[in-house]
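Keeping their order, the protein sequence lines are chains S and B.
Each position in the first sequence, counted from 1, maps to that position plus 1 in the numbering used here.
Each position in the second sequence, counted from 1, maps to that position plus 1 in the numbering used here.
Calculated directly from the structure, the hints in this document are not laboratory data.
Don't take each hint at face value.
[Unchecked claim] No more than 25 Å apart at the CA atoms, straight line, and that leaves these computed lysine to any residue pairs for SDA-like: (1) Lys55/B - Lys25/S; (2) Lys55/B - Gly377/S; (3) Lys55/S - Arg285/B; (4) Lys25/S - Thr355/B; (5) Lys392/B - Ser315/S; (6) Lys55/B - Arg337/S; (7) Lys55/S - Glu293/B.
2 protein chains.
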Amino acid sequence: MNQIDGGTCAPKGYQAAGVAARIKGPQSKKPDCALLVSDAPAAVAGTFTTNVVKAAPVLWCREICDKGRARAVFVNSGNANACTGGQGIEDVRETARAVAAGLHVPEDEVLIASTGVIGVPMPMQRIRQGVEGCVAALSPEGHGDAARAIMTTDTTPKETAVEISLAQGLIRVGAMAKGAGMIAPNMATMICVITTDAAIAAKDLQGLLRECVEHSFNRICVDNDMSTNDTVLCLANGRAGLPAVAPGTEDFEAFAYALRHVCRQMAQALVRDGEGATKFVEIRVEGAATDEDARLIARSIAMSQLCKTAFHGSDPNWGRIACAAGYAGADFAPARLDIWIGDLQVLHHGLPATYEEAAAAERMRGREISVRVSVGDGRGACVYWTSDLSKDYVSINADYRS
Amino acid sequence: MNQIDGGTCAPKGYQAAGVAARIKGPQSKKPDCALLVSDAPAAVAGTFTTNVVKAAPVLWCREICDKGRARAVFVNSGNANACTGGQGIEDVRETARAVAAGLHVPEDEVLIASTGVIGVPMPMQRIRQGVEGCVAALSPEGHGDAARAIMTTDTTPKETAVEISLAQGLIRVGAMAKGAGMIAPNMATMICVITTDAAIAAKDLQGLLRECVEHSFNRICVDNDMSTNDTVLCLANGRAGLPAVAPGTEDFEAFAYALRHVCRQMAQALVRDGEGATKFVEIRVEGAATDEDARLIARSIAMSQLCKTAFHGSDPNWGRIACAAGYAGADFAPARLDIWIGDLQVLHHGLPATYEEAAAAERMRGREISVRVSVGDGRGACVYWTSDLSKDYVSINADYRS
Numbered sequence: 002m003n004q005i006d007g008g009t010c011a012p013k014g015y016q017a018a019g020v021a022a023r024i025k026g027p028q029s030k031k032p033d034c035a036l037l038v039s040d041a042p043a044a045v046a047g048t049f050t051t052n053v054v055k056a057a058p059v060l061w062c063r064e065i066c067d068k069g070r071a072r073a074v075f076v077n078s079g080n081a082n083a084c085t086g087g088q089g090i091e092d093v094r095e096t097a098r099a100v101a102a103g104l105h106v107p108e109d110e111v112l113i114a115s116t117g118v119i120g121v122p123m124p125m126q127r128i129r130q131g132v133e134g135c136v137a138a139l140s141p142e143g144h145g146d147a148a149r150a151i152m153t154t155d156t157t158p159k160e161t162a163v164e165i166s167l168a169q170g171l172i173r174v175g176a177m178a179k180g181a182g183m184i185a186p187n188m189a190t191m192i193c194v195i196t197t198d199a200a201i202a203a204k205d206l207q208g209l210l211r212e213c214v215e216h217s218f219n220r221i222c223v224d225n226d227m228s229t230n231d232t233v234l235c236l237a238n239g240r241a242g243l244p245a246v247a248p249g250t251e252d253f254e255a256f257a258y259a260l261r262h263v264c265r266q267m268a269q270a271l272v273r274d275g276e277g278a279t280k281f282v283e284i285r286v287e288g289a290a291t292d293e294d295a296r297l298i299a300r301s302i303a304m305s306q307l308c309k310t311a312f313h314g315s316d317p318n319w320g321r322i323a324c325a326a327g328y329a330g331a332d333f334a335p336a337r338l339d340i341w342i343g344d345l346q347v348l349h350h351g352l353p354a355t356y357e358e359a360a361a362a363e364r365m366r367g368r369e370i371s372v373r374v375s376v377g378d379g380r381g382a383c384v385y386w387t388s389d390l391s392k393d394y395v396s397i398n399a400d401y402r403s
Numbered sequence: 002m003n004q005i006d007g008g009t010c011a012p013k014g015y016q017a018a019g020v021a022a023r024i025k026g027p028q029s030k031k032p033d034c035a036l037l038v039s040d041a042p043a044a045v046a047g048t049f050t051t052n053v054v055k056a057a058p059v060l061w062c063r064e065i066c067d068k069g070r071a072r073a074v075f076v077n078s079g080n081a082n083a084c085t086g087g088q089g090i091e092d093v094r095e096t097a098r099a100v101a102a103g104l105h106v107p108e109d110e111v112l113i114a115s116t117g118v119i120g121v122p123m124p125m126q127r128i129r130q131g132v133e134g135c136v137a138a139l140s141p142e143g144h145g146d147a148a149r150a151i152m153t154t155d156t157t158p159k160e161t162a163v164e165i166s167l168a169q170g171l172i173r174v175g176a177m178a179k180g181a182g183m184i185a186p187n188m189a190t191m192i193c194v195i196t197t198d199a200a201i202a203a204k205d206l207q208g209l210l211r212e213c214v215e216h217s218f219n220r221i222c223v224d225n226d227m228s229t230n231d232t233v234l235c236l237a238n239g240r241a242g243l244p245a246v247a248p249g250t251e252d253f254e255a256f257a258y259a260l261r262h263v264c265r266q267m268a269q270a271l272v273r274d275g276e277g278a279t280k281f282v283e284i285r286v287e288g289a290a291t292d293e294d295a296r297l298i299a300r301s302i303a304m305s306q307l308c309k310t311a312f313h314g315s316d317p318n319w320g321r322i323a324c325a326a327g328y329a330g331a332d333f334a335p336a337r338l339d340i341w342i343g344d345l346q347v348l349h350h351g352l353p354a355t356y357e358e359a360a361a362a363e364r365m366r367g368r369e370i371s372v373r374v375s376v377g378d379g380r381g382a383c384v385y386w387t388s389d390l391s392k393d394y395v396s397i398n399a400d401y402r403s
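Excised from the complex, chain S in its bound form (with noise of 0.2 Å):
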């Protein structure tokens, strides 16, 4: 599998554009209307917010993924159409028919993505020029604009594409991803969308797509918040030329593969840009009666303050971790418990490890940490990733209206 540039275009047959219509603000010049489109029908598959208040373009996405084929993804970003009642569905079935009428595909193929304020009608008039410049400007290299659209307070677009050989020929995936804070495992405040040319099934792309998600993006942690408008979208066009890839051959495993890596590289994306994260840290959880026990507690030290704010401090804190690990409600032995920070063991079987604090310390100091707990002999494992909690983090969110 390479690293290949081009992001959501990558893909054979998709084009992508990303403009200004104002939505964030009569002022405001930044880009926040992108549009994808792929030149060919598309299977397509999506995992949406499991908050019970659901902005509506997730409840109109869900429908076309039950229905498994589509044309279109366009995103907004500074307002979510969330809490908007029945004009806002009004609002996305009027935004789709105009997508669907510049691009001439039909409008139960076009799904639309949200983000941003939550309870302000969607101000359509600029949603329909945001179509329009969309459509007029789509283009195999729009990727990085539609990636840049789809911000709101994230500092850096995310986009990825890798290619991989199947039987037959080669197959690439790529994707675009926008999310900084109320990053929740279980997906929060986040937009991710995945195009491939590779050929599949649209029950098979959904159920791919779940497996992914929960091993990614359902593995991160920012704040713990879970929004309205949480949603990954994935669209397969078949345009390789290849066979559909079929679950049990080798070509759905690297498939498979190339999917996950991307979803996971996104993932990683969204908390490294995690609102006033300075710290990048991976919580590896092992020997666990069950894979989700290691969640469980690998969640819980992902979500504890105490624990982010002493990631924060560089301070090689195991007290904090051995509480959380403590109250994940998993059961598992206190005195099998071991802890390291990076290859440094600092609580061996419950008790201190003999360790000197400066090694520790050193190893709490840079952008990246890594934390492996052990709390037995099982074979229960599970990976998180999580960032460090600032003072930054407060001011960002003690000022913006999301």
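Given chain S, put chain B in place with the hints provided.
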């Protein structure tokens, strides 16, 4: 019921003391050892952390509470005696033995609680000095010194006392508590010692204490971490000279009312003194299908970093409140969601209500904020108390080794 002076020494037959024994460090002059003694054997009840990793004194106290009889409580701050293995257990026993010798009481009637850093062996020579100092300083006026000696990052001592009439006379309930960070639902780094001169069987006291803790200490949130040491102890020595209060009687109801009141006062005091807290926020959820659903929703809002930073910024950001309600794990119809900030309705049936932004901001500005959330017409309700999340919280916890 009347509020009275005297803290844990307000009920008859209790003496207390607090002294400095350098547990917090070789140079520390802060008080760090507290002793509370009943002049007659008392019925005792306790509730403890549910963390898998439990500090040594927690294991010790559980055994004594199972037997139901105690004479004294010794508390040290500065060292949690957690993750200290077999030596930690031995140190608890030795401390109890020292207290027992000083007071001429059985060692298995001496409760021990510790709070402070984790993974550091107890400085037993200093502990012994602390015990001696406390025994020498015991007095019916010692409650304030004791309350100060159990503080760690607390900025003020926390104590209270009330008296209430039973059928044949007055009884009193007093309490002291510590805790400012690591305050999570289910009792975090907190210690509370409650005294009463009512007479009650230990098993009745245990049942009642559990219920009172559930609706007080288990309904508060500063950060979301639960410590290895959380302990609430209640001693009832019967020195008011009245008949034992028995379940099902009016006396029992009166005693329960007083105990619940004292627990709630202490729980709220912990939130008000939360690390870096500048605001006290009451979250009231109603209309849920069950009390448990209401609790999940209230807890979700109380724990949300985004809600807590919005409270800090005096931002009437009901979108974040709706979000946190939505991912709480309780089902409700978003179209039935109502939110009030103070007396001002900001969300009506899932849609923004008509109100002036300035009026909403006004209600966020003070040190006390109240949020009311209605999710339908069920009878389930719950109240939670939380603090805001400030930059000072990050400073305190990025630097302090706990």
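Against the structure, the hints come out as follows:
1. Lys55/B - Lys25/S: Between lysine 55/B and lysine 25/S the Cα gap is close to 50 Å, so the pair fails against 25 Å, i.e. violated.
2. Lys55/B - Gly377/S: The hint holds at about 17 Å.
3. Lys55/S - Arg285/B: With a Cα-Cα distance of about 23 Å, the restraint between lysine 55/S and arginine 285/B holds, given a limit of 25 Å.
4. Lys25/S - Thr355/B: holds, 22 Å
5. Lys392/B - Ser315/S: holds, 17 Å
6. Lys55/B - Arg337/S: Between lysine 55/B and arginine 337/S the Cα gap is close to 13 Å, so the pair holds against 25 Å.
7. Lys55/S - Glu293/B: Holds, at about 22 Å.
In terms of the numbered hints stated before, the structure departs from hint 1 and from no other.
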